[in-house]
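J.: Chains L and D, in that order, give the protein sequences.
Under this note's numbering, the first sequence has 209 at position 209, and the numbering climbs by one with no breaks.
Take any residue in the second sequence, count from 1 to its spot, add 1000: that is its number in this note's numbering.
These are computed hints drawn from the structure, not numbers from a lab.
Do not rely on the hints blindly, as some may be mistaken.
Stated by the list, open to error - Quick list of in silico lysine to aspartate or glutamate cross-link-like pairs, EDC-like style, CA-CA up to 20 Å: (1) D/Lys1002 with L/Asp319; (2) D/Lys1121 with L/Glu268; (3) D/Lys1036 with D/Asp1005; (4) L/Lys323 with D/Asp1005; (5) D/Lys1051 with L/Asp319; (6) D/Lys1121 with L/Glu312.
As the list claims (entries may be wrong) - These stretches of chain L come out as covered by chain D in the derived footprint (C-beta under 8 Å, 3 or more residues): (7) 258-268; (8) 295-306; (9) 309-316.
As the list claims (entries may be wrong) - Not everything, but these chain L residues come out facing chain D in the computed CB check (under 8 Å): (10) Met253; (11) Glu272; (12) Ile321.
Beta carbons: idealized from backbone N, C-alpha and C, even for Gly.
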Amino acid sequence: MAEILLCSQPMHADILENQCGISTEDIFGLNLNHTTPTLTPFKPYLLGQNPSTHDQCILGTLGSPSTALSLIELSQTIGADNLHAVAEIHSKLHEAKIHLDPVELSKGMVERTAGVIERHVENLQEAAVEYQKRLLELQQAKKADTRARALARQKAKIAFDKMQQHFRKEVKLVNGRKKVTPLNNFKRATNIATSSRNVAKLEVANQVEASKLAKLAKGAKVVGNVITVLDFGERVNKISTSYKEGGKWEREMFVESSSFATSAIIGEGVAEVGLLLLMATPVGWVGLIVGGVVIAGTAAAAAYGSNELIHENAGSTYDEIMKWIGG
Amino acid sequence: MKFFDISLIALLGSLVIVGILFVVFGEYTVRRLRKKPELKDILGFEYVNGKDIINVGMALSFPRKLMRKARQSKLSFMFADADILYQHTSRVDRWLARIFTYSYFFTAFGLLIIVILHNFKLI
Chain L
1 MAEILLCSQP
11 MHADILENQC
21 GISTEDIFGL
31 NLNHTTPTLT
41 PFKPYLLGQN
51 PSTHDQCILG
61 TLGSPSTALS
71 LIELSQTIGA
81 DNLHAVAEIH
91 SKLHEAKIHL
101 DPVELSKGMV
111 ERTAGVIERH
121 VENLQEAAVE
131 YQKRLLELQQ
141 AKKADTRARA
151 LARQKAKIAF
161 DKMQQHFRKE
171 VKLVNGRKKV
181 TPLNNFKRAT
191 NIATSSRNVA
201 KLEVANQVEA
211 SKLAKLAKGA
221 KVVGNVITVL
231 DFGERVNKIS
241 TSYKEGGKWE
251 REMFVESSSF
261 ATSAIIGEGV
271 AEVGLLLLMA
281 TPVGWVGLIV
291 GGVVIAGTAA
301 AAAYGSNELI
311 HENAGSTYDE
321 IMKWIGG
Chain D
1001 MKFFDISLIA
1011 LLGSLVIVGI
1021 LFVVFGEYTV
1031 RRLRKKPELK
1041 DILGFEYVNG
1051 KDIINVGMAL
1061 SFPRKLMRKA
1071 RQSKLSFMFA
1081 DADILYQHTS
1091 RVDRWLARIF
1101 TYSYFFTAFG
1111 LLIIVILHNF
1121 KLI
């Protein structure tokens, strides 16, 4: 079995070695030669000690940039292990002359497609389509507010449970045909959907998760950081998009950095003072929980509101400053 | 320029200063405190990296009576222990903590107030 490594941005082999424990000597390019120190994005690499020509064939199949691009997007959305199952379902559907496109799915075409599926293929496929759609929605909801995100997560969970049932049935039917990696990890799939990492590989996902869990158990420190980093990453993305499109990226940077810093400090400040006031008053456990919820809500609302407002207004403030400097 | 613009520029400027103070206070005082093994458990719960800097800042600058009350509460682990910290910090540390903490909360609530006022179309 070939292990394929894909990344969505240029990645130095040293970083890969440090973060994922993959040695440079185990990475092979298309012609089975050892690679340059930096991995090219959207280009598949082979992992392993002694790759065979069979592996090379597999690599060649995935070699075109567009394939690699959609592969990395898909595996980041639904998880590498689910990718195989989805691919198999996809080919089954293809045999049944149903064309399924993830983008089309997310655009709400699924209702129509689902009707066709019902007549042609089994429930599992429908459930998997549903699950895939929900995960794509979840990835979309990353940008929305907390409530929409929770709702999307809930929907994904329900779809997952349903698919799990059908999958068990299916596995029983085809038992022994081949060793199947079950679609057994809802949490991992959602994690991958919410955190866009830039390297796609199953083992990496495991390691990252293991270390995440270990860190979480140690002091739960990492939770806040991950959220902040994700939020920050999205903002940086906006700035770089503006830069690439030849827009006013300095202005964009001012807007994003000030709204980020403002919402962070307001949220933290409100939470801190609220907590201190709560602690200084003699309340019981129930009061504590209620008060905690109120504080968290207030802090989140304050942070969210300020983010919105600064986001809307920082642009004009920036223009004012520029006008002022320019005289 | 509108009043809102001026106050927003001023507060964003002080936000930058708070950022610098955060790093200075963290590097100068809190890093030294973190290294002392006997202080490991009293710096407060650090659910985000660097949260202990704010915990220590609060413990050293808010009234000690209030901090003592917070330490006796059910969520005491969220706060740093002011009484022990006072024994391990110099006068410079404490003043740095006060300057940092008050400018931090001043900026936070200043921003919050102009956001609220602007939301209700008052400025």
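J.: Hint by hint, which ones does the structure fall short of?
T.: Going through the list in order, the structure violates hints 2, 3, 5 and 10 and respects the others.
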